[in-house]
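Using the hints, put the two chains back together into the complex; each one sits in its own frame.
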Amino acid sequence: MTTALLAATGSLSPAARGFLSPTGVEIVFVLVGLAVLGAALISVTTKQLVHAALWLVVALGGLAIEFLLLTAEFVAWVQVLIYLGSVVVLVLFGLMLTRAPIGRSPDADSGNRWIALGVALAAAGTLVTLVVDAFRTSWIDLSAGGGSTAATGASLFRYWVLPFEALSVLLLAALVGAIVISRTGKDSGARPRPGKLRTRRPVDASAAPQQQER
Amino acid sequence: MLDTLLRCLAALVVLLTFPLIIGQTEHKVMAHMQGRLGPMYAGGFHGWAQLVADGVKFAQKEEIVPAGADRRVFQLAPAVALLPYLLVLLAIPVGPNGFVGEAIDAGIFFVLAVMGIGVLGSLMAGWASANKFSLLGGLRSAAQLMSYELPMLLAGASVAMAAGTVSLPGILDQFHWWWIPWQAIGAFVFFTAGLAELQRPPFDMPVADSEIIFGAYTEYTGLRFALFLLSEFAGILVLCALTAVLFLGGWHGPLPDSLGWLWTLLKTFALAFVVIWARVTFPRLREDQLMRFAWTVLIPLALLQLALTGIIKVAISQ
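Top to bottom, those sequences are chains A and B.
Position in the first sequence (first residue = 1) + 1 = our numbering.
Position in the second sequence (first residue = 1) + 16 = our numbering.
Honestly, the hints are just simulated from the structure, not real lab data.
A hint or two may mislead.
Straight-line Cα separation of at most 20 angstroms, SDA-like style, residue types lysine to any residue; simulated pairs [as the list claims (entries may be wrong)]: (1) K148(B) to S106(A); (2) K148(B) to V92(A); (3) K48(A) to F241(B); (4) K148(B) to G104(A); (5) K73(B) to L96(A); (6) K148(B) to I103(A); (7) K329(B) to A155(A); (8) K148(B) to G95(A); (9) K148(B) to A151(A); (10) K148(B) to L98(A); (11) K148(B) to A101(A); (12) K148(B) to Q49(A); (13) K148(B) to T99(A); (14) K48(A) to V89(B); (15) K148(B) to G154(A); (16) K329(B) to G154(A); (17) K148(B) to F94(A); (18) K48(A) to A85(B); (19) K148(B) to A155(A); (20) K329(B) to M97(A); (21) K48(A) to G84(B); (22) K73(B) to G60(B); (23) K148(B) to L96(A); (24) K148(B) to L91(A); (25) K48(A) to R88(B); (26) K73(B) to K329(B); (27) K148(B) to H52(A); (28) K148(B) to R105(A); (29) K148(B) to L18(B).
What follows is a list of derived Cβ distance ranges for each label pair [unchecked claim]: (30) A175(A) to D273(B): 29 to 39 angstroms; (31) R114(A) to R300(B): 40 to 50 angstroms; (32) G39(A) to F61(B): 53 to 63 angstroms; (33) M17(B) to S156(A): 25 to 35 angstroms; (34) W293(B) to V120(A): 55 to 65 angstroms; (35) E27(A) to L239(B): 17 to 27 angstroms; (36) I180(A) to D189(B): 35 to 45 angstroms; (37) Q334(B) to A174(A): 44 to 54 angstroms; (38) V296(B) to G25(A): 29 to 39 angstroms; (39) Y160(A) to L18(B): 34 to 44 angstroms; (40) F30(A) to Q91(B): 55 to 65 angstroms.
A virtual CB, placed ideally from N, CA and C, is assigned to each residue, including glycine.
Here chain B stands alone, though its shape is the one from the complex (with noise of 0.2 angstroms):
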């Protein structure tokens, strides 16, 4: 019971934390990208105050809820997008030997499907706005979230397939080396179809702050618009520590067992890094091209990585 305790409590903290360090990555390294120099001041050396500076101005801002709106709905929203993604730490296996919040017997199951919750988040805040252009924003997420929902879930099928587990523990121990040139299609898909899951650039489009004003959250201020940003780098964390668990073999790497839990987190930080890097470089692209890349090219593209990993995994088995 306190063991249980103590791991929901650790999944917790580093829910709180590790985004905000994403956060303060990915200030920097715009800056350091784009050259520029507003998140460099605060704080001096290298503006290391802005995150801190960015939590002080959510923090004393108003929290505003629109007169027309349907005030319950509209409060609950940024829990219902946040809370899917403390579910989703809970089982995202760090090292060997039960490093994991829980072990879940239909772990990539569970992910993916607790994942797919977060859209209630975003239709919730759109719809109770009371605002047009937030019901629009939040109809366009949901069309994109759910349209991309279903090449990242055959791509995670490919690896489930490959390891003949659904436990992420288990695909882990079935893991070699050679894994990664095999699945590379599919770490393809799942890391492109989470991104646009995520709404991040180049898929933001129903987001867009100069397209329809931030989408669903245009009517929300201060704590409330915090957490929906917080669980955008959630959202970030958990897309690039599952990445790196089914597709880049998470704890494996030269050092010894005991150290994994390094691995780990190394291979999701560089996969956040690719994350901002995506951001900063590509341009956005249009919701008419959204929806055909994601039925037109991810999903015949993990077809065949289906395709290709039951081919392999039979011709292996004889």
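Isolated chain A, as found in the complex (with noise of 0.2 angstroms):
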């Protein structure tokens, strides 16, 4: 299973290239990074929240970027579809109709936020030490198409056919539970259908008059 991958992507050898001789896709990798951490830092220290979310914008959208120059197009793509066309819109959408000041919200503060730092910067350190002692001398070659969508939909219906079905048992149960819970509050009170327009009857007769004056 992982020879397959492999050949899909390119040959794990130690590596024979030094990192003190980049090529241009690797400084504009690290060029992008940066700017996806300086995106994400704003976005955690705004004080206007619809900054922050706008923030967030630029950083999964320089993700995608980095997604791109990995030679992984679709999971870019995927990237760009689901979190800025829809997580982000959602979270906007959300913070609008709630609260959304234009300006500086200081309520937003939150006070657990050296231990938000703490947590966030140990999350950071074992994914780093994990990732580069896992893949410490490996050197993977970026050919174009690596990460197409035939080699990425050959892979996934090849070898990750199960846990494919099992997410996507998972969403369906959430989709299903979503309506379940919207629908709920159906029953409770009388609506006006929607499509017909409707006056209110008066309550009782004192107040027909004004009713009918409007």
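Right, here's the structure in full:
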């Protein structure tokens, strides 16, 4: 299984190349990475809620560019479609519907920020050590098409069918659950049917003339 | 490198000129269909200078940013609304043999994903205006755009399934004439949902000028407002070109392959005419009808098309 996957991406032979002679792609990768880091930092430190969400757009868009640089074209567009096109829009939607004053919102600060910083640093440290340790001397030659739709689809439906199906069932369950939850309030209280214009009946005789005047 | 630059430049030129042509056509078609005299005066013959007059009008208007607005977001919003269409134009194949801005492997996916970003422009514009009507308009646009994105994606998926590829030139290579009746339902869903994505009549409830004062764009003036209008017309261009490529066979036609671009353009502009025609003749849908239409008509139709495509595809391959 792994060998076939590796054949699709390239060899994992020990590096014959050093870190001191970076190619253009690597330089761009690091620069975009710094931009993503900056956007992410601003996104958690800014005092303006909507700005935080908009900086998240920049960070996630930068991540899509990183995927592109790693030749994972399909993953990059999925990132754009799902995170930029849907998740951030939903976040913005929620923010704007509930509370999003223009300007600073001081109450948005959390008292837990130092704990949160510690957790974030610990998680980042663990991940970086793990990844560096796992791929210490290996080098993947990024040939065009390694992460194309064909390669992604082939490995997804040849080797990862079972996880894919399990995820699909999970998402379907979530979907059904969401529908069920949103329907429970339906029986309580009569609602006007959509598509018909209805005027409310006057509750008592004294209120009636007022309504008719309108 | 030079080749890439030239292609990007060509896409930019197309983005800046073709929407204007569509705008001019809209003036004239509406004038003829509704007997309007307004757009027929400027410049003499048939009011040919109307568009120039509009441009001058937009350019000389003062740029106003409301005092309470969030300046930077307010000023960025038109660019966020327009830029996705430029990127999409790069990926649409015009003719055979690499007559395309940039052949992208996951073409359909790219196009639909990037078009989905445009909604951020409406949301930013609505929120940053510091005007509750704009905010409401922006939220209504966003709700509409998110509802109609799903049927559009499903219809696109049906074509990708039929062709067995998600690359736009690849789909056109697989095209046969009988795809047009086969994918007709999908074409209807795609085109209608696209109209709603552009907030064009009859789906223009969020921006309806008599209802909620041009939705998210109430506070915009001058060139920034013109940019929003340009993005609407660029959207028409992109939607029509995409429908032509995905469902009507793009460059395929009775003429030889070297004239393929002509077929793409003809189909695109014929569809653009239909878009304008729909604006002139259809009454506007109400907000609740709008949402119902997406969820109870378009999505089931798209799923039906998907099932039909799957069945025929399996039947063919045996």
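So, going through the hints one by one against the coordinates:
A threshold of 20 angstroms between alpha carbons decides the hint, and for K148(B) with S106(A) the separation of about 18 angstroms falls inside it, so the pair holds. Note on K148(B) and V92(A): the hinted pairing holds, with a Cα-Cα distance of about 19 angstroms set against a maximum of 20 angstroms. Between K48(A) and F241(B) the alpha-carbon distance is near 29 angstroms, which puts this suggested pair outside the 20 angstroms criterion. Restraint check for K148(B) and G104(A): satisfied, since their Cα atoms lie roughly 16 angstroms apart, inside the 20 angstroms limit.
Restraint check: the Cα-Cα separation between K73(B) and L96(A) comes to about 36 angstroms, which exceeds 20 angstroms; the hinted pair is violated. The suggested pairing of K148(B) with I103(A) holds, with an alpha-carbon distance near 12 angstroms, which does not exceed 20 angstroms. With a C-alpha separation of about 19 angstroms, the suggested pairing of K329(B) with A155(A) holds against the 20 angstroms cut-off. Proximity of K148(B) to G95(A) is assessed by CA-CA distance (about 15 angstroms); at most 20 angstroms being required, the pair is judged to hold.
Only pairs whose Cα atoms come within 20 angstroms are accepted, and K148(B) paired with A151(A) is rejected, the gap being roughly 47 angstroms. Our distance criterion of 20 angstroms between C-alpha atoms is met by K148(B) and L98(A), whose separation comes to about 11 angstroms. In summary, the hint linking K148(B) to A101(A) is supported, as the alpha carbons are separated by about 12 angstroms, within the 20 angstroms threshold. Note on K148(B) and Q49(A): the hinted pairing holds, with a Cα-Cα distance of about 18 angstroms set against a maximum of 20 angstroms.
For the proposed pair K148(B) and T99(A), the alpha carbon gap of about 13 angstroms is at most 20 angstroms, so the pair holds. Of the supplied pair hints, the one linking K48(A) and V89(B) holds, its CA atoms being roughly 15 angstroms apart against a limit of 20 angstroms. This hinted pair does not check out: K148(B) and G154(A) have alpha carbons roughly 46 angstroms apart, beyond 20 angstroms. Of the supplied pair hints, the one linking K329(B) and G154(A) holds, its CA atoms being roughly 18 angstroms apart against a limit of 20 angstroms.
Taking the CA atoms of K148(B) and F94(A), the gap is about 14 angstroms. The hint holds against a cut of 20 angstroms. Among the hinted pairs, K48(A) with A85(B) is consistent with the structure: their alpha-carbon atoms are about 16 angstroms apart, no more than 20 angstroms. Between K148(B) and A155(A), the direct Cα distance comes to roughly 49 angstroms. Violation of the 20 angstroms bound is thereby established for this hinted pair. Restraint check: the Cα-Cα separation between K329(B) and M97(A) comes to about 45 angstroms, which exceeds 20 angstroms; the hinted pair is violated.
Our distance criterion of 20 angstroms between C-alpha atoms is met by K48(A) and G84(B), whose separation comes to about 17 angstroms. Between the alpha carbons of K73(B) and G60(B) the distance comes to roughly 18 angstroms, so the proposed pair stays at or under 20 angstroms and holds. Between K148(B) and L96(A) the CA atoms are separated by roughly 14 angstroms; this keeps the pair inside 20 angstroms, and the hint holds. Using a Cα cut-off of 20 angstroms, the hinted pair K148(B) and L91(A) holds, with the two alpha carbons roughly 19 angstroms apart.
Restraint check for K48(A) and R88(B): the C-alpha separation of about 15 angstroms stays at or below 20 angstroms, so the hint holds. The hinted pair formed by K73(B) and K329(B) fails the criterion: a straight-line CA distance of about 54 angstroms is larger than 20 angstroms. Between the alpha carbons of K148(B) and H52(A) the distance comes to roughly 18 angstroms, so the proposed pair stays at or under 20 angstroms and holds. Straight-line distance between C-alpha atoms of K148(B) and R105(A) comes to about 18 angstroms, which keeps the hinted pair within the 20 angstroms bound.
For the proposed pair K148(B) and L18(B), the alpha carbon gap of about 48 angstroms is over 20 angstroms, so the pair is violated. Separated by about 48 angstroms at the C-beta atoms, A175(A) and D273(B) break the suggested range of 29 to 39 angstroms. Separated by about 48 angstroms at the C-beta atoms, R114(A) and R300(B) satisfy the suggested range of 40 to 50 angstroms. A hinted range of 53 to 63 angstroms for the beta carbons of G39(A) and F61(B) is consistent with their spacing of about 56 angstroms.
Against the hinted window of 25 to 35 angstroms, the Cβ-Cβ separation of M17(B) and S156(A) comes to about 33 angstroms, which satisfies the hint. Remark: the range hint 55 to 65 angstroms for W293(B) to V120(A) is upheld by a beta-carbon distance near 58 angstroms. A hinted range of 17 to 27 angstroms is violated for the C-beta pair E27(A) and L239(B), which are about 40 angstroms apart. I180(A) and D189(B) have their C-beta atoms about 40 angstroms apart, which keeps the hinted 35 to 45 angstroms range intact.
The hint said 44 to 54 angstroms for the Cβ distance between Q334(B) and A174(A), and at roughly 34 angstroms that hint is violated. Checked against the hint of 29 to 39 angstroms, the C-beta distance between V296(B) and G25(A) comes to roughly 52 angstroms, which is inconsistent with it. Under the hint 34 to 44 angstroms, the C-beta atoms of Y160(A) and L18(B), about 42 angstroms apart, fit the expected range. About 31 angstroms separates the C-beta atoms of F30(A) and Q91(B), a value inconsistent with the hinted range of 55 to 65 angstroms.
Figure legend: structure checked against the earlier numbered hints; hints not met, in rising order: 3, 5, 9, 15, 19, 20, 26, 29, 30, 35, 37, 38, 40.
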